[in-house]
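Student: Let chain A serve as the given structure and place chain B with the ligands on it in line with the hints.
The listed protein sequences correspond, in order, to chains A and B. For the first sequence, position 78 matches number 78 in the UniProt record's numbering, and the numbering has no gaps at all. For the second sequence, position 417 matches number 417 in the UniProt record's numbering, and the numbering has no gaps at all.
Just so you know, the hints here were simulated from the structure itself, not pulled from any lab data. All residues carry an ideal CB built from backbone N, CA and C; glycine is no exception.
Chain A side only, calculated, beta carbon under 10 Å to chain B, not exhaustive: (1) Gln21; (2) Val22; (3) Asp27; (4) Gln30; (5) Gly32; (6) Gly33; (7) His38; (8) Asn40; (9) Val45; (10) Lys64; (11) Met67; (12) Val83; (13) Cys85; (14) Asn99; (15) Asn104.
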Amino acid sequence: MEELLNTYKSVTLEGARTWVQVGHQSDFPQNGGACIKHKNKQIAVYNFSLTQSWYACQNLCPHKMEMVLSRGMIGDLDGIPKVACPLHKKTFSLENGSNLNGENFKIAVYPVKIQNEMVYIGFED
Amino acid sequence: MKKIIVVGNGMVGYKFCEKLSQHPDFEAYEVTVFGEESRPAYDRVHLSEYFSDKSADELLLAPSGWYASKNINLRTSELVIAIDIDAQTITTHKESQYAYDYLVLATGSSPFVPPIKGADKQGVFVYRTIEDLDAMKAYATKLKAAGKKNAAVLGGGLLGLEAANAAKELGLNAHVVEFAPRLMPRQLDQQASDMLQAKIESLGIGIHLSKATDLIAGEDCISRMDFTDDTHLDVDMLIISAGIRPRDELARNSGIQVGARGGIYVNEKMQTSVETVYAIGEVALYNEGIYGLVAPGYEMADVAVQQITGGDKCMVASIDMSTQLKLIGTEVASFGDPFVENDEIVAITYENKHSGIYKRINVARDGSRLYGGILVGDSSDYNSLFQIYYNVMKIPENPEDLILGSRGGDNILGSVLDLPDSAQICSCESVSKGAICKSLEDGSCSGYKDIVSCTKATTGCGGCKPMVTDLVNETLKSLGKEIKDTVCEHFEFSRQELYDLVKVKKITTFEEALQKIGKGCGCEICKPVLASVFSSIYMETANKQPAIQDSNDRFLANIQRNGTYSVVPRVPGGEITPEKLIVLGEIAKQYDLYTKITGGQRIDLFGAQLHELPLIWKALIDAGFESGHAYGKSLRTVKSCVGSTWCRYGMHESVSFAIEIENRYRGLRSPHKLKGGVSGCIRECAEARGKDFGLIAVDGGWNLYVCGNGGATPKHAILLAEKLDDATCVKYLDRFLMYYIRTAGPLVRTAPWLEKLDGGIEYLKKVIIEDSLGIADDLEQEMQGLVNRYECEWKQAIENPEMASRFKHFVNSDDTDDNIEFVALRDQKMPKPWAS
Ligand code: SRM
Ligand SMILES: Cc1cc2nc3c(=O)[nH]c(=O)nc-3n(C[C@H](O)[C@H](O)[C@H](O)COP(=O)(O)OP(=O)(O)OC[C@H]3O[C@@H](n4cnc5c(N)ncnc54)[C@H](O)[C@@H]3O)c2cc1C
Ligand code: SF4
Ligand code: FES
Numbered sequence: 001m002e003e004l005l006n007t008y009k010s011v012t013l014e015g016a017r018t019w020v021q022v023g024h025q026s027d028f029p030q031n032g033g034a035c036i037k038h039k040n041k042q043i044a045v046y047n048f049s050l051t052q053s054w055y056a057c058q059n060l061c062p063h064k065m066e067m068v069l070s071r072g073m074i075g076d077l078d079g080i081p082k083v084a085c086p087l088h089k090k091t092f093s094l095e096n097g098s099n100l101n102g103e104n105f106k107i108a109v110y111p112v113k114i115q116n117e118m119v120y121i122g123f124e125d
Numbered sequence: 001m002k003k004i005i006v007v008g009n010g011m012v013g014y015k016f017c018e019k020l021s022q023h024p025d026f027e028a029y030e031v032t033v034f035g036e037e038s039r040p041a042y043d044r045v046h047l048s049e050y051f052s053d054k055s056a057d058e059l060l061l062a063p064s065g066w067y068a069s070k071n072i073n074l075r076t077s078e079l080v081i082a083i084d085i086d087a088q089t090i091t092t093h094k095e096s097q098y099a100y101d102y103l104v105l106a107t108g109s110s111p112f113v114p115p116i117k118g119a120d121k122q123g124v125f126v127y128r129t130i131e132d133l134d135a136m137k138a139y140a141t142k143l144k145a146a147g148k149k150n151a152a153v154l155g156g157g158l159l160g161l162e163a164a165n166a167a168k169e170l171g172l173n174a175h176v177v178e179f180a181p182r183l184m185p186r187q188l189d190q191q192a193s194d195m196l197q198a199k200i201e202s203l204g205i206g207i208h209l210s211k212a213t214d215l216i217a218g219e220d221c222i223s224r225m226d227f228t229d230d231t232h233l234d235v236d237m238l239i240i241s242a243g244i245r246p247r248d249e250l251a252r253n254s255g256i257q258v259g260a261r262g263g264i265y266v267n268e269k270m271q272t273s274v275e276t277v278y279a280i281g282e283v284a285l286y287n288e289g290i291y292g293l294v295a296p297g298y299e300m301a302d303v304a305v306q307q308i309t310g311g312d313k314c315m316v317a318s319i320d321m322s323t324q325l326k327l328i329g330t331e332v333a334s335f336g337d338p339f340v341e342n343d344e345i346v347a348i349t350y351e352n353k354h355s356g357i358y359k360r361i362n363v364a365r366d367g368s369r370l371y372g373g374i375l376v377g378d379s380s381d382y383n384s385l386f387q388i389y390y391n392v393m394k395i396p397e398n399p400e401d402l403i404l405g406s407r408g409g410d411n412i413l414g415s416v417l418d419l420p421d422s423a424q425i426c427s428c429e430s431v432s433k434g435a436i437c438k439s440l441e442d443g444s445c446s447g448y449k450d451i452v453s454c455t456k457a458t459t460g461c462g463g464c465k466p467m468v469t470d471l472v473n474e475t476l477k478s479l480g481k482e483i484k485d486t487v488c489e490h491f492e493f494s495r496q497e498l499y500d501l502v503k504v505k506k507i508t509t510f511e512e513a514l515q516k517i518g519k520g521c522g523c524e525i526c527k528p529v530l531a532s533v534f535s536s537i538y539m540e541t542a543n544k545q546p547a548i549q550d551s552n553d554r555f556l557a558n559i560q561r562n563g564t565y566s567v568v569p570r571v572p573g574g575e576i577t578p579e580k581l582i583v584l585g586e587i588a589k590q591y592d593l594y595t596k597i598t599g600g601q602r603i604d605l606f607g608a609q610l611h612e613l614p615l616i617w618k619a620l621i622d623a624g625f626e627s628g629h630a631y632g633k634s635l636r637t638v639k640s641c642v643g644s645t646w647c648r649y650g651m652h653e654s655v656s657f658a659i660e661i662e663n664r665y666r667g668l669r670s671p672h673k674l675k676g677g678v679s680g681c682i683r684e685c686a687e688a689r690g691k692d693f694g695l696i697a698v699d700g701g702w703n704l705y706v707c708g709n710g711g712a713t714p715k716h717a718i719l720l721a722e723k724l725d726d727a728t729c730v731k732y733l734d735r736f737l738m739y740y741i742r743t744a745g746p747l748v749r750t751a752p753w754l755e756k757l758d759g760g761i762e763y764l765k766k767v768i769i770e771d772s773l774g775i776a777d778d779l780e781q782e783m784q785g786l787v788n789r790y791e792c793e794w795k796q797a798i799e800n801p802e803m804a805s806r807f808k809h810f811v812n813s814d815d816t817d818d819n820i821e822f823v824a825l826r827d828q829k830m831p832k833p834w835a836s
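So that you can see chain A by itself, here it is in the shape it has in the complex (with noise of 0.2 Å):
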C-alpha cells in the first residue's frame, strides 16, 4: 500500500522535466475530469473549463488506496480548486495536493500546460 503511494510525488511547474503529451484538450469533458496513463502511474486530469484552467494530481484516493479520483466532481472551496472523491467524498486542494476537510491526507499534484490544444503532463521522470 505504502510502495503504491510512493509512486506519487508531486511536481512543480520549475521540477518538471518531461513534458507527456496525454491528449486533445476535447478529450477531457468540461468542468471535469478523466484518467491518463504514463508509465506505471495513474493520473486524473481535470479541466475547468470556467476559468480555462487545468489540473493533474494522483487518481489514487489515499483513503481507501483506490483509483478513483478522476471521476470525482470538481469545484472550487473559497476560491482554492478542489476535487471530491466519488467514494467517501473527502476533498482535496488541487493547487497543492492538501486535503480540505482537514484530515491527515495528502495527494501529489502535477503541472498541465496546453500547446496547439494539446494537453500535457509534467513529470521528473
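Tutor: Quick look at chain B with the ligands alone, frame taken from chain A:
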C-alpha cells in the same frame, strides 16, 4: 522559557495542549508530550465508529502534523516510568530523562478486569484503545471462519451496551452479562431498565441480569462463562466492561498522594500534593470522585492551563454526570440525580409499553425545581430538561407537562432564548449560551458553521447539536437576520428558490446558472442539486451534463468499494419472466458479475468495470431491459405483493397497479430517492407503509399513504386518502410527488419534508385533495409533461458515441485499471477488503 511536560496524549492530555496553544502567552512555554500509544490522541468517545465508518486517521483529534506546527514536541510510543519530584525530572522507558517546571499527568484510566479465574484466556478483551478493537476484529473474523458466533460483554453499563452493539456489528450474537439486577445501574431505575431491556432484546442482544461470573472456562480459548447460580452461557469471545481504574501508578511510585481506591488527589486548581505537578482527566481524584466522562476532563484541562499561566480559574465543586447512551438503536438519557425521592422530592413517571417509552422526573414537592430524571425510548427533550435542571429554572405549574406536554409539539422550554446566558449548551467543550449569542451579535460569527468552528460546540459527543441549531436560528431571527438554508458558498439560495429561478429565468446549463445566479466554479454540493433541478424541470437525463452529476449518476451506475460498478435493470413491480431471468444470469456469467437479489425486488449485478458498463447495458437493452435508476435520486422501485391474481386474500390486483405506477414515474428525478409499494390487502406484504408512497387495497378501492421510509430513521407512511379508484390514485400521486419535488430541500426525503411542512398532513391533504393553493392542475400537467418525455438514459448513452466515450478508464490508453483486485466469496467474488 518554562518547560511543561504532559504525560499521556489521550483526550484530556490533548485538550490541555489545545487550550494552552490558544493562550496568549503560549510562546513562553516549551511543551513536551509523552504518549504510550502509537498514535496521537484520538476520539475515544466515538471509538465504536471504528467498526462502522471511521478510520483511525479520521478519529484523530488533530492531524499528527498539528503538534509540530504548534512547536509541541510529541513523543508517541514512549512510556513515562518514573518522576523525581525533587529534581523535577521524568524518566521514560527509553531511559531518557527530561526536566520540567510543570508536570501535567493525564494518564487516564485502564479497564478494570475483575479477578475472575480464566480472565487471561484467549478471546477475552477489554474495550478502550484502537488496538483493542483491532484485536477484537481479527478474533471475530477467526471465530466466524470457524463457524463460532457467540460473544458476551461483562458489564451492562453505558460502555458495556455500546460494546455489545459493536459485537453485533462484528456479525456475532451478542449477550450482556450484568451483576446488578438492572442495566445501567448507575443511571436507570428498575422500570427504565426493564423498558431498555425489552428494547435491546428486540434488537437481538441477549440480556442476563443478576449474574455473578465465577469462572471463565475453556481450554486455551474461552468457551463458556459459569455463574454462581449454577447457570452458564456458551461464549466464544468476551469483552470486559466492568468499570475503570485510574492509571495512578506513576504518581503512586513517585510519592504523589493517591486515594485509597485509586486516583491522584487534586485540589480545585488541579494541583496534586506536589505543587508543580497537576493531574487532569480520568486519573484525577477530585472531591472524592473519579469522572469517567470527557466533559469534566476538558474542564480540568482548562483549569490547569489557566492555573499554570497565572490565571485563577478553579474547578466547580459539583460535577455533572448527566449522560446519553449512543448507538444502540434506542434513546436513553439520565440527568442530575436520577433516583432521589424523599419527603421533599417526588418522582413523576410516564410509561408506555407499547411504544417502549419511559420517562421519570424528580421534582420538588413544592414545585420549585427539577432535580433529575431518566428518559428511555424518546430522549428528544433531554437537552431542554437538562437545562431546566442545571440552571435551576422555573418549572411549569403542572410539572408533568415536562414529560407529557411536548405532545403539542412546542418545546417545553418555551424559547431557547429564555435560558440564562450562563447556561452550558455544549458541556463537552463548555460553551455557554452567552458565548454563542455574543459571537452572533457582535458579528464575529454569521451562522451555525461559524459557531462550530469558533467555539467547537457540538464537536464532542454531539448531543447538543439540536440545541445549538435552535439557538443560532432563534438568535439570528431576533437580530432580524433572515435564516436561509442556502445550498453552498456558490449559490445563496435554497433548493426551492433555485428550482423557481431556473424555471423563471429559463436557465438550462450549470455554467449559465453560475453566471446568472451564482459565483465561483461550483462544488460537489451544488452541482448535484442543480442537476436534479434541471432534470425535474426539463426531464433531461444525466447524459446531458454528466460532469455536474453526483458520482453515481455520472456513470449511470453505483460505484462500489473498489471503484467498479453495479448494474441494476428495472424490474417493474418485481415481476419478471423466466426468459428475462435467464438473460440476467447469462450476462452475469459472461462478465463474471456477483449477483444478488436486492431489498427492492430486483437483481443487482456487481463488479463491472467502467469500460464494461456500455457492453453489459447493450446486452440488457437488447433483451428488453431498461435502466433501473438505482444510482439516482429518483424513483427506485414500486414494490408489490402478489395480490388478488393469486393470493387467496387479495382484494385488488396489486402487481398490475405497481407495474403501472413504476412505469409512470420511472426516471423521475427528485430531491431524494423515491420508493413506492402496493399491497393487495391489509396484511401489507409489500410494506407499502414503509415507502414514500404506498397503496393498500381495501374494500372499495385503494388507501393512499404518503411520506414513509425505512432506512436510518424509519417512519410509517400516513393516510392521505381512502378508498380511491385507480385514476384518482394516480391523480393524487402526480400532485403529491410534483409538490414534493418543487418544495423539498436537497436530500430531504418525504418523511422529514412532511415533518417540516407547516400544518403537517392536514395541510398536505388540503393542497393535494382540496387544491387549496390552486396549483393542482399545474402539478398534474407538469408531471404529465415529465412522464411523456421519459427516455431510458442507458439506451441514450450507448446509442450516442460521444456520450458513450466517458466509459473508459484511461483517455490515452485502452488498458484497464490494474489496481482492481477481487477475492473469492462463496461461489462468486467480492472486492479485496480495504486495509483499514
Ligand atoms: C442494493 C441494495 C441492498 C441490497 O442488496 O438489497 C441497496 C444498496 C444501497 N443502498 Fe439502500 N439498497 C437497497 C435497498 C434499500 C432499502 C429497502 C427497500 O428499498 O425496500 C432501504 C430502506 C427503505 C427506504 O429507503 O426507505 C434502503 C435504504 C438506504 C438508505 C437510507 C435512506 C434513508 O432515507 O434513510 C441509503 C442512504 C441514502 O440514500 O442516503 C441507501 C443507500 C444505498 C447505496 C446506494 C449506498 C451507496 O451509496 O453506495 C447502496 C448502493 C449499492 C449498489 O451499488 O447497488 N439505502 N436501501 C438495495 C437496492 C434496492 C433496489 O433494487 O434498488
Ligand atoms: C468506548 C468508549 C466510549 C466512551 N464514550 C463516552 C461518551 O459517550 N461520553 C463521555 O463523556 N465519555 C465517554 N468515554 C470516556 C472518555 O473516552 C474518557 O473520559 C476520556 O478519554 C478520558 O480522557 P483521558 O485523557 O483522561 O484518558 P485517556 O483518553 O485514556 O488518555 C490517557 C492516555 O495516557 C496514556 N498513558 C497512560 N500512562 C502513561 C504513561 N506513564 N506514559 C505515557 N502515556 C501514558 C494512555 O496510553 C492514554 O493514551 C468513552 C470511553 C470509551 C472507551
Ligand atoms: S447496502 Fe445499504 S445497508 Fe447495506 S451496507 Fe450498503 S448502504 Fe448499508
Ligand atoms: S476512498 Fe476516496 S474518500 Fe474514501
